[in-house]
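Student: Please work from the sequences and hints to get the whole structure.
Residues per chain are reported as follows:
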Amino acid sequence: DVKVTQSSRYLVKRTGEKVFLECVQDMDHENMFWYRQDPGLGLRLIYFSYDVKMKEKGDIPEGYSVSREKKERFSLILESASTNQTSMYLCASRPRFFGRAGGTGELFFGEGSRLTVL
Amino acid sequence: EDKVVQSPLSLVVHEGDTVTLNCSYEVTNFRSLLWYKQEKKAPTFLFMLTSSGIEKKSGRLSSILDKKELFSILNITATQTGDSAVYLCAVSLLQGAQKLVFGQGTRLTINP
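For the record, the sequence lines run as chains A and B. Per this note's numbering, the very first residue in the first sequence carries number 1; after that it's consecutive. Per this note's numbering, the very first residue in the second sequence carries number 1001; after that it's consecutive.
If you are wondering where the hints come from, they were derived from the structure by calculation, not from laboratory data. A virtual CB, placed ideally from N, CA and C, is assigned to each residue, including glycine.
Cross-link-like lysine-lysine pairs, in silico, PhoX-like; alpha carbons within 25 Å at most: (1) K1037/B x K1003/B; (2) K1041/B x K13/A; (3) K1003/B x K55/A.
Derived Cβ-Cβ restraints for the label pairs, each shown as a range: (4) S67/A x S1062/B: 38 to 46 Å; (5) R96/A x D1017/B: 38 to 46 Å; (6) E1015/B x M54/A: 45 to 53 Å; (7) T5/A x T1109/B: 27 to 35 Å; (8) G1053/B x K18/A: 48 to 56 Å; (9) I1054/B x D38/A: 29 to 37 Å; (10) T1028/B x P95/A: 17 to 25 Å; (11) F20/A x K1003/B: 29 to 37 Å.
On the chain B side, residues computed to face chain A include the following (Cβ under 8 Å): (12) L1009; (13) S1032; (14) L1034; (15) K1041; (16) A1042; (17) P1043; (18) L1088; (19) S1092; (20) L1100; (21) F1102; (22) G1103; (23) G1105.
Tutor: Take a look at the structure:
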């Protein structure tokens, strides 16, 4: 069974703290993504990675950074948390090739990490 | 800028009703359109659509894509309280690791 695991389901941090959100997938997927989800705004892409040590900015990268040192692990880092980063964070993964090569092209999501910054 | 818009944002109906959820998009390099259902946790995959006019069906749920008018609909017939969820529409692009651009979601509530 495919699995994307996010290390923390709920976190409460203070403004200015450094925050690490970890994501691990066991499906040998090349592509990994970090989204944040806010009411009325849907899912917005923060960063994505298509290979080890490769990363690309998504639509809202400001205030975030990422790390992909191993294929199965994609970390999201908030260098100095702020209250406007209070949100639900969703990690997802997907194989590089699908469609005719197999698979539906769906993203496989983790359970989410709900971060509150006070 | 790539954009996906869902409507309505919120919908409340009675059990047994039929609902239609809408998704329109304006993107460069369209690859496919996906529907997800999200209850309390991670979104779960429903359908992927790549060709116009071909209905995808799973039980009481069905979906169709119109690539000329740039929209998709998700139909749910004979709704049940277990259908209550946020329904997400997303468009997969050909570039950028085939990233998905999501709409805002439609929150569907089914009352008994």
